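Q: Residue numbers (full-length UniProt numbering), protein chains in the order written: chain A, 1 to 305; chain B, 1 to 360.
Hints should not be assumed to be uniformly reliable.
Said to hold, decoys possible - Keeping only pairs whose Cα atoms sit at most 30 Å apart, straight-line, the calculated DSBU-like set for lysine-lysine is:
hint: 1; chain 1: B; residue 1: K130; chain 2: A; residue 2: K293
hint: 2; chain 1: B; residue 1: K129; chain 2: B; residue 2: K220
hint: 3; chain 1: A; residue 1: K210; chain 2: B; residue 2: K309
hint: 4; chain 1: B; residue 1: K313; chain 2: A; residue 2: K210
hint: 5; chain 1: A; residue 1: K207; chain 2: A; residue 2: K39
hint: 6; chain 1: B; residue 1: K101; chain 2: A; residue 2: K207
hint: 7; chain 1: B; residue 1: K243; chain 2: A; residue 2: K207
hint: 8; chain 1: B; residue 1: K153; chain 2: B; residue 2: K101
hint: 9; chain 1: A; residue 1: K221; chain 2: B; residue 2: K101
hint: 10; chain 1: B; residue 1: K153; chain 2: A; residue 2: K210
hint: 11; chain 1: A; residue 1: K210; chain 2: A; residue 2: K293
hint: 12; chain 1: B; residue 1: K220; chain 2: B; residue 2: K101
hint: 13; chain 1: B; residue 1: K243; chain 2: B; residue 2: K167
hint: 14; chain 1: A; residue 1: K207; chain 2: B; residue 2: K220
hint: 15; chain 1: B; residue 1: K153; chain 2: B; residue 2: K129
hint: 16; chain 1: A; residue 1: K210; chain 2: B; residue 2: K167
hint: 17; chain 1: B; residue 1: K129; chain 2: B; residue 2: K101
hint: 18; chain 1: B; residue 1: K130; chain 2: B; residue 2: K101
hint: 19; chain 1: A; residue 1: K207; chain 2: A; residue 2: K221
hint: 20; chain 1: B; residue 1: K153; chain 2: A; residue 2: K207
hint: 21; chain 1: B; residue 1: K130; chain 2: A; residue 2: K221
hint: 22; chain 1: A; residue 1: K164; chain 2: A; residue 2: K221
hint: 23; chain 1: A; residue 1: K221; chain 2: A; residue 2: K210
hint: 24; chain 1: A; residue 1: K293; chain 2: B; residue 2: K167
hint: 25; chain 1: B; residue 1: K167; chain 2: B; residue 2: K313
hint: 26; chain 1: B; residue 1: K130; chain 2: A; residue 2: K297
hint: 27; chain 1: B; residue 1: K309; chain 2: A; residue 2: K207
Claimed, not checked - Derived list of chain A stretches under chain B, where covered just means 3 residues or more per stretch with a C-beta under 8 Å from a C-beta of chain B:
hint: 28; segment: 188–202
hint: 29; segment: 215–227
Please keep in mind that the hints were generated in silico from the structure rather than gathered at the bench. Computed from a predicted structure; not experimentally measured. By construction, the Cβ of each residue, glycine as well, lies at the ideal position given by its N, Cα and C atoms.
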Amino acid sequence: MEPANRAFDGHTVAVPGGRMLEAPGRPALVRSAAVLLLKALNVAALLLLVLIFAMPFVWMLSTSLKTLPETMIFPPEWIPRNPVWSNYASAWQTGPFLHYITNSAVISVSILLLQMLTIIPAAYAFARYRFVGSGFLFSLVMVTLMIPTQLIFLPVYLELSAFKLLNTHLGLILPFASSAFGIFLLRQAFRQIPEELVEASRLDQAKEWKIIIRIMVPMVKPVLVTFALFSFIAHWNDYFWPLVMTTNETARTLPIGIAKIREVEGGGTWNILMAGNVILVAPILAAFFLAQKHIIKAFVYNGVK
Amino acid sequence: MAQIELIGICKKYKEETVIQDLNLTIRDGSFTVLVGPSGCGKSTTLRMVAGLERQSAGDILIDGQRVNDTPPGLRDVAMVFQNYALYPTMTVRGNIEFGLKNRGVSRKERERLISDISEIVGLGPYLDKKPQNLSGGQRQRVALARAMVKQPKVFILDEPLSNLDAKLRNQMRTELIQLHERLGTTFVYVTHDQVEAMSMGDEIVVMNEGAVQQADSPMKLYEQPANLFTAQFIGTPAMNIMKVGDIKGLRVLPESGAYHVGFRPEHAQINPDTPVEGLVLEGDILTRESLGAEHIYQIRSKAGAFFVKTFLKPLVTAERVRIAVPHGHLYYFSLTGSRMQTAGAANEETSSRQLIAGGV
Ligand SMILES: Nc1ncnc2c1ncn2[C@@H]1O[C@H](COP(=O)(O)OP(=O)(O)O)[C@@H](O)[C@H]1O
Ligand SMILES: [Mg+2]
Chain A
1 MEPANRAFDG
11 HTVAVPGGRM
21 LEAPGRPALV
31 RSAAVLLLKA
41 LNVAALLLLV
51 LIFAMPFVWM
61 LSTSLKTLPE
71 TMIFPPEWIP
81 RNPVWSNYAS
91 AWQTGPFLHY
101 ITNSAVISVS
111 ILLLQMLTII
121 PAAYAFARYR
131 FVGSGFLFSL
141 VMVTLMIPTQ
151 LIFLPVYLEL
161 SAFKLLNTHL
171 GLILPFASSA
181 FGIFLLRQAF
191 RQIPEELVEA
201 SRLDQAKEWK
211 IIIRIMVPMV
221 KPVLVTFALF
231 SFIAHWNDYF
241 WPLVMTTNET
251 ARTLPIGIAK
261 IREVEGGGTW
271 NILMAGNVIL
281 VAPILAAFFL
291 AQKHIIKAFV
301 YNGVK
Chain B
1 MAQIELIGIC
11 KKYKEETVIQ
21 DLNLTIRDGS
31 FTVLVGPSGC
41 GKSTTLRMVA
51 GLERQSAGDI
61 LIDGQRVNDT
71 PPGLRDVAMV
81 FQNYALYPTM
91 TVRGNIEFGL
101 KNRGVSRKER
111 ERLISDISEI
121 VGLGPYLDKK
131 PQNLSGGQRQ
141 RVALARAMVK
151 QPKVFILDEP
161 LSNLDAKLRN
171 QMRTELIQLH
181 ERLGTTFVYV
191 THDQVEAMSM
201 GDEIVVMNEG
211 AVQQADSPMK
221 LYEQPANLFT
231 AQFIGTPAMN
241 IMKVGDIKGL
251 RVLPESGAYH
261 VGFRPEHAQI
271 NPDTPVEGLV
281 LEGDILTRES
291 LGAEHIYQIR
301 SKAGAFFVKT
311 FLKPLVTAER
321 VRIAVPHGHL
331 YYFSLTGSRM
341 QTAGAANEET
351 SSRQLIAGGV
């Protein structure tokens, strides 16, 4: 090849002095290799994270299908040789599980609906209006965020008892009828919505409630769905509150039922206990998969383009 | 169809006065453009007409009715916002339909109106798309359709074209003018661009610092500016303004009180063949800007730098030139900036100008 042509082969250029110059392609190549490496590292780190988070779940699932001796084997085996499906039946039979599940569902869904009813108007008002005491009221809401349940359960217990609400669904629902966290989260989301949209709907003769329901709420749907999920999980899994506020089976929920497996089956029956736990978390996992798209949106949510 | 009257309008935000004693009548069926520099209170004025903002004092009348206490939805005013303000979670159809639903228009009637409107603005194929999947021009059309479908008495448009690229902007300008002709409704249009104002409006309201400087037709505004501000705001390049005292040979009757003299770049003649009665300057050409049919020169004289614009003339290559502006094209302003005469017939005007500059 002629030296003159070699200049166009994209890699090296022969210079009369005999030195070789790097063609512009070279640094770009190096850079793209670095990018690739970084990507690989990123993926590896994410995989590690997934592993860390998924392991307990997999372990729970695997244990729930083992025989009791198998749960004790060391080193542990991840896949049981003969899956023991009857563990689930045993767990189910330790107590009135259908009753527990119904209670759990009624209570967590009622809480969710009530919260939606209260936090949406509250957050909207805090986000869009300045009224006498609005700043003070909002800081009051924020303060309740910082008070742990364990601090107020005693006065609430006495209150519920005075209203004869112990051992009732209502007693487990009402204390959570609103959520400071929800109000805060939703207020931030409402504030991101441009004022012109509200003005445009005013000119469109929309009433205030219609603006909320038809314009504002649909725009914060990802945030709302995410909050709903958090709320549902928290109350579905809640052990402390139902335990403290109930003295009999009438209103008791699934987490209490699961804990009772230990009493019925004895402390070491991990396989039965894990089967109970799988029953407990199954609806939550299902909800997560259903709402996944919205949750991701809520976290990358940065206003309306 | 409606005339809008603003009577003694003031607007204060906390302590800051944004609009001071604004009096303005917007003619029924006119295409009125509010124009002025950014922050002069154009949007605030519009928003008070629409009812989105309440005036601190004064009355607003639409169609002879006092609307001070009428909520925005009931004023029969439709607004097009600068960034469109389309409802992002609704389809194009939903956006157009929302206002109709709120007014209780029957389903059948809604369908008819929507298909009519989408025909007019050319949105037919996009009715079921979400706004974020549309281009800027299409969003603009949706905003227009949403406003038009309500068949309002008054259209209010707040810088509706400023988010579009230059080519689309020109196209939409024409379409808006045609739309106005077709509907015959009162249009109130806000822009900070004087070219847009001149090309679209049949009535232009020049505003500055919360006050109306002049409200007139485009030609009146160009030919008879009421004050220094309007004179310099309208026209590209702006009117050249010089101190009367700085110009040799231009003698003005001392009692006239003229302090500034102005002339439009397009009225100045470069190296005129015949002697011109009026203002004569000598200067060096600093820059030449050629747009093909027209040339713009920046010239420095003893009285200051100024612009000259020529049409369909060969480019002047000389360094030093003589500039002349005939009396008829000179404007005189007092120390406070107001123009020396009120409007009059053209020949009367010319003679009175000569009167001021008498003795030359
Ligand atoms: N909500 C508000 N609070 C305080 N000042 C405002 C508000 N809205 C507008 N202003 C002020 O009023 C003046 C006029 O604003 P605006 O009418 O938007 O101007 P324009 O539309 O002519 O650019 C500006 O100085 C602006 O800062
Ligand atoms: Mg504005």
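Q: Which of the listed hints are not met by the structure?
A: 2, 3, 4, 5, 7, 12, 13, 14, 16, 22, 24, 27
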